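Number of protein chains: 2
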Amino acid sequence: MSIDTLQLRRIAIDTYHENVAYMHRECGVYRAEGFQALSKIQISLNGIKILAVLNVVDDASIVQSGELGLSEQAFQQFNCVEGSMVTVNHAEPPKSMDAVRRKINGERLDRADFDSITDDIVESRYSKMEIAAFLVATGQNSLDRDELLYLTRAMLQSGDRIHWDEPLVADKHCIGGIPGNRTSMLVVPIVAAHGMLIPKTSSRAITSPAGTADTMEMLCEVNLSPTQLHDIVRRERGCLAWGGTARLAPVDDMLIAVERPLGIDSQGQMVASILSKKLAAGSTHLLVDIPVGPSAKVRQMRQALALRKLFEFVGDRLNLHLEVMITDGRQPIGRGIGPALEARDVMLVLQNDPEAPADLRQKALQLAGRIIEFDPDVRGGQGYAIARDILESGRACAKMNEIIQAQGPKPVDFSPGSLCHEVAAKSDGIVTEIDNLQMAKIARMAGAPMMKRAGVDLLKKLGSPVKKGEILYRIHAEFPADFNFAQNLAMQNDGYTLGSNAELLKPLITF
Amino acid sequence: MSIDTLQLRRIAIDTYHENVAYMHRECGVYRAEGFQALSKIQISLNGIKILAVLNVVDDASIVQSGELGLSEQAFQQFNCVEGSMVTVNHAEPPKSMDAVRRKINGERLDRADFDSITDDIVESRYSKMEIAAFLVATGQNSLDRDELLYLTRAMLQSGDRIHWDEPLVADKHCIGGIPGNRTSMLVVPIVAAHGMLIPKTSSRAITSPAGTADTMEMLCEVNLSPTQLHDIVRRERGCLAWGGTARLAPVDDMLIAVERPLGIDSQGQMVASILSKKLAAGSTHLLVDIPVGPSAKVRQMRQALALRKLFEFVGDRLNLHLEVMITDGRQPIGRGIGPALEARDVMLVLQNDPEAPADLRQKALQLAGRIIEFDPDVRGGQGYAIARDILESGRACAKMNEIIQAQGPKPVDFSPGSLCHEVAAKSDGIVTEIDNLQMAKIARMAGAPMMKRAGVDLLKKLGSPVKKGEILYRIHAEFPADFNFAQNLAMQNDGYTLGSNAELLKPLITF
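In order, the protein sequence lines correspond to chains A and B. For what it's worth, the UniProt record's numbering labels the leading residue of the first sequence as 1, then goes sequentially. For what it's worth, the UniProt record's numbering labels the leading residue of the second sequence as 1, then goes sequentially.
Among the clues, some could well be false.
Because identical chains cannot be distinguished in the list, a pair is counted as satisfied if it fits within a single copy or across any two copies.
Unchecked claim - BS3-like, lysine-lysine: derived pairs with alpha carbons at most 30 angstroms apart:
#1 Lys-49 <-> Lys-441
#2 Lys-95 <-> Lys-441
#3 Lys-441 <-> Lys-467
#4 Lys-461 <-> Lys-441
For the record, the hints were derived by calculation from the structure and aren't laboratory data. As the structure is a computational prediction, the values presented were derived from the model and not from experiment.
Extracted from the complex, chain A is given alone in its bound form (with noise of 0.2 angstroms):
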């Protein structure tokens, strides 16, 4: 028999976004269908029809012959009770799939084929390997321009879309890659005080040792609920919250997710998924910062120059004020890396602290400086001055404790991790040169993001001037497993070069 029904038993195993299905070995459909192990079975009732990858079971106490597991995500998906009868068969594969091969042939798509690709992945027809074959297919330089506007529409398309209902609600995006570089911190506030609607969400760290909502947390809640988030931004004009628990441009997330542990990316899908994700958010005007520098995402000015361009087209056909910044990304920005060490710098630099890192106030200043001359009443070349004077003022910082109160705040303790090692200067001379890469994986070994008082705290940066035996950074630890992985690390390369100045890495761009 080719279609036979089967009793829906619930299995609490998380398997993520990939449904998987039990089926007994002994069970009569298995047998008769001659499904395989790992084969993609399409399970229906009333109407809804679900795909899951197969496991067959051997043990009855977790699934019985007659029985169908369902791990948790794709039981959800039925909204039924256990013990439903559902309807099992082969699923036949994702039709879209045809217009992945055919790029794979070397061949362009067109919109229609786009959206149907995406339809296809966030209604869960695409395996991983699928996804990932998409990805491949259409990584580096095979997307055309205009194919790249058809990707983005239909990511954007693919889920739920904000509306604000004000004109101007604006946003930023680092495309990331340089530690420490948490500006978002500062413009929000900045930009907020001025008055502009900026509805901050960011992601938690990923590969980096801290994303903006892991910093942020150290300060207050940041998983907010839609309803909750939409309150903050009307009281507070902007927030600073977690981006996961909303349904935007979900494709984005279900190709991150493949994207990530392959190590792979693409230009195009870079400035497909931050579009796309922006757009959904209801952005209106986007600053882009792309860093440029030798251990940087970007290391050419050209590549940065190209990257700019995608953008820029992109933005422009979906109607998205975009604008891009190209900024100085040869070292980490401010001192600490790790979320502690990071929210420590970023209130420095909110309460004007003598201390505060230099470089992190100058940057997030003139990002806020370029957000807040999207506003119609302001002289163009005015908004640096602007967002100075809201800074010392002090009335970033009191926009930011708003909305710390707002999101739900947390007693304030910046204190790094008590296991620390300092990493010493073999020699005398000028630092010439900081790896962005080294300093990050030096600081998550020592635990960040999970461990927020983990990570890395640089005493020197680019063009100091150094004595052997002098502290270049501390290494913070919470375990001593983690704090030893890290000191093996640094011992082995401690991401620093030291030299003439006549060796100093000169910046790339003139910011």
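Please build the complex by placing chain B on the supplied structure of chain A, with the hints as guidance.
Relative to the frame of chain A, chain B by itself:
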């Protein structure tokens, strides 16, 4: 803590080639390590390290806090008892993914790259999605001939290799796509009767309505242990066994397990797959059959020629005596499609029955003749006559019976499924086209190859004149659901085109 230990528990879930580990959500290690569902973890015990995908469990009856559950295949890799203490930490991504990323970026890979990729794949360090990325990145024309040679060699070296200790070990392989094409079951007895060693192992059908192993299984056992296979080949000079048990070019199987569900294939990967498997099986001489036709895998003569060159290039450099035969792939071979019906056709040819399908007999003789000419004692051009003599004298049939007896005979019954639907011509005309893909699909819908007596029996072939209402073919099934599916499919598109003699598809090759 970044490293910790858990007690091993066997979970009776079959996850096929993919290792799955189960950890309770409340487990300290899960929380401390910051694992995520679906992240890859490394599990170590007594120097054995395996990688697994993590599933998070909320049901302590499946796995408890402090325990690490492992799916069947994963558990077996440890050779240990339940309750052993294992160490768990984050899996590093496989190092060779760097090479895959370089390939995605358009670079050329060298021999060491392919060696490290196949090493990582065979050690299960690649997830399905990483394999998909590799396949797409190396698909189509993105491998040059030298890269293809490196890949083939690396795949060959990834597993065991059989040595027959004879100067001439013959084999044949068809690239597939033509229903009913069971020539191996004729070629093997003819060639073995000539005295040449031809230890033929075949696959079961995955996307086709019957593989040679499925069809041979109508006559005898095909699931032989390596020892049995060896003994039979020594005694009979040939066999027709299922190739699934040996560990020959295991990377090939792991690639195919991803390639098939994705529906992607490339000529390069096909060449690497076939040649690595044949060399691992100990073949010294190989005849490759490339059918060409509008609904065959290869649709143009120039594609067939390009593929031939690829086979020759790699075969020559791996010291395999290789010849390619480009054959007529315009329509199915023989009459039956499906294991029972194809076994019937084969036996009719072996028994020199006047009802035997002439095209199957003719093609098998051509192929067998070419293989016999691998024999240095046979004069060029004499192979066909020798093959025909072996067949007509009954020596081929006798050899087939010996092989059947050796492998373990089954009761002979080729009767097709009792549910039968006759598909009739809708008009007068001659058969000008038969769609291989559609006929295969109808046979599969009818239940083949799982239901051995299901399939399609063709009464008319290309060039046959038919009257309106005359029967073109019969659909046979064993179960009503299958039967309805197949009938509906044939109703939508019966796969036949009727027209005038002038419209008859001309063979793309002279055969």
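Which of the numbered hints are not met once you compare them with the structure shown? none
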